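J.: Sequence:
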Amino acid sequence: MVKMKPATLTYEQERKMEIARVAFMVSSPFYSHLYYSLGREIFTKDMPTAATDGRRILLNPDYICGFTVPEQVFILAHEMSHLVSQHPTRMVHYKREGKLRNLPYDQMFANVCADYCINADLVETGVGTINPAWLFDKAIKGSELIVVEQCGHLVTMEKPEETNAILRKWLS
Numbered sequence: 049m050v051k052m053k054p055a056t057l058t059y060e061q062e063r064k065m066e067i068a069r070v071a072f073m074v075s076s077p078f079y080s081h082l083y084y085s086l087g088r089e090i091f092t093k094d095m096p097t098a099a100t101d102g103r104r105i106l107l108n109p110d111y112i113c114g115f116t117v118p119e120q121v122f123i124l125a126h127e128m129s130h131l132v133s134q135h136p137t138r139m140v141h142y143k144r145e146g147k148l149r150n151l152p153y154d155q156m157f158a159n160v161c162a163d164y165c166i167n168a169d170l171v172e173t174g175v176g177t178i179n180p181a182w183l184f185d186k187a188i189k190g191s192e193l194i195v196v197e198q199c200g201h202l203v204t205m206e207k208p209e210e211t212n213a214i215l216r217k218w219l220s
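Just so we're aligned: 63 in this note's numbering is position 15 of the sequence shown, and the numbers increase by one with no gaps anywhere.
Please note that a few of the clues may not be correct.
List of simulated lysine-lysine pairs, BS3-like, C-alpha gap at most 30 Å [claimed, not checked]:
1. LYS93 to LYS51
2. LYS147 to LYS207
3. LYS51 to LYS64
4. LYS53 to LYS93
Have a look at the derived ranges for each label pair, beta carbon to beta carbon [claimed, not checked]:
5. ASN179 to ALA158: 36 to 44 Å
6. GLU145 to THR116: 24 to 32 Å
7. ARG63 to THR177: 29 to 37 Å
8. SER85 to GLY174: 19 to 27 Å
9. VAL160 to PHE78: 21 to 29 Å
10. THR58 to GLN198: 46 to 54 Å
11. GLU206 to ASN179: 35 to 43 Å
I should point out that these hints are in silico values taken from the structure, not numbers from a laboratory.
A quick note: this is a predicted structure, and the numbers were derived from the prediction, not measured.
Just so you know, even glycine gets a beta-carbon here, dropped at the ideal spot from N, CA and C.
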């Protein structure tokens, strides 16, 4: 885990984040519950925007406080979605393997793809407001819920054959 130097928020930034957190909890109780249950919010200027390493949600206070409250809500939900989807853990694995399936692994490309999918889901569910500068394409449709029987939280590890069959069908 990379050590990040914690940033001290100004009074104005503290106030803006309190408003954003309340708006997040009121408008998106499900996402905010996951955010506060699974992640640890860290403010740092060592990160130019926002990110997660799978445990911590790293926020540059100058970056996040520069947006409207609905956009801040979107940012918090977006980073939580990376955490819940285990994107950091998966990306470490793929980087170590050097490939994703039979393709060369490109971390930047994988993160961009994940961002497009997360943003499409958040827009579809009406969580916060997406900023026009962020990655979003209306052509990316919502997800389909597929229940994998006799499986807990890690479907890719518990039922890899079934998961791969579902993904192959979706990719074809």
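J.: The structure should be examined with respect to each hint, and the outcome stated for every one.
T.: Hint-by-hint comparison with the structure:
{"no.": "1", "hint": "LYS93 to LYS51", "result": "holds, 12 Å"}
{"no.": "2", "hint": "LYS147 to LYS207", "result": "holds, 21 Å"}
{"no.": "3", "hint": "LYS51 to LYS64", "result": "holds, 26 Å"}
{"no.": "4", "hint": "LYS53 to LYS93", "result": "holds, 7 Å"}
{"no.": "5", "hint": "ASN179 to ALA158: 36 to 44 Å", "result": "violated, 22 Å"}
{"no.": "6", "hint": "GLU145 to THR116: 24 to 32 Å", "result": "violated, 40 Å"}
{"no.": "7", "hint": "ARG63 to THR177: 29 to 37 Å", "result": "violated, 20 Å"}
{"no.": "8", "hint": "SER85 to GLY174: 19 to 27 Å", "result": "holds, 22 Å"}
{"no.": "9", "hint": "VAL160 to PHE78: 21 to 29 Å", "result": "holds, 25 Å"}
{"no.": "10", "hint": "THR58 to GLN198: 46 to 54 Å", "result": "holds, 51 Å"}
{"no.": "11", "hint": "GLU206 to ASN179: 35 to 43 Å", "result": "holds, 37 Å"}
Checked against the numbered hints given earlier, this structure breaks hints 5, 6 and 7; the rest are met.
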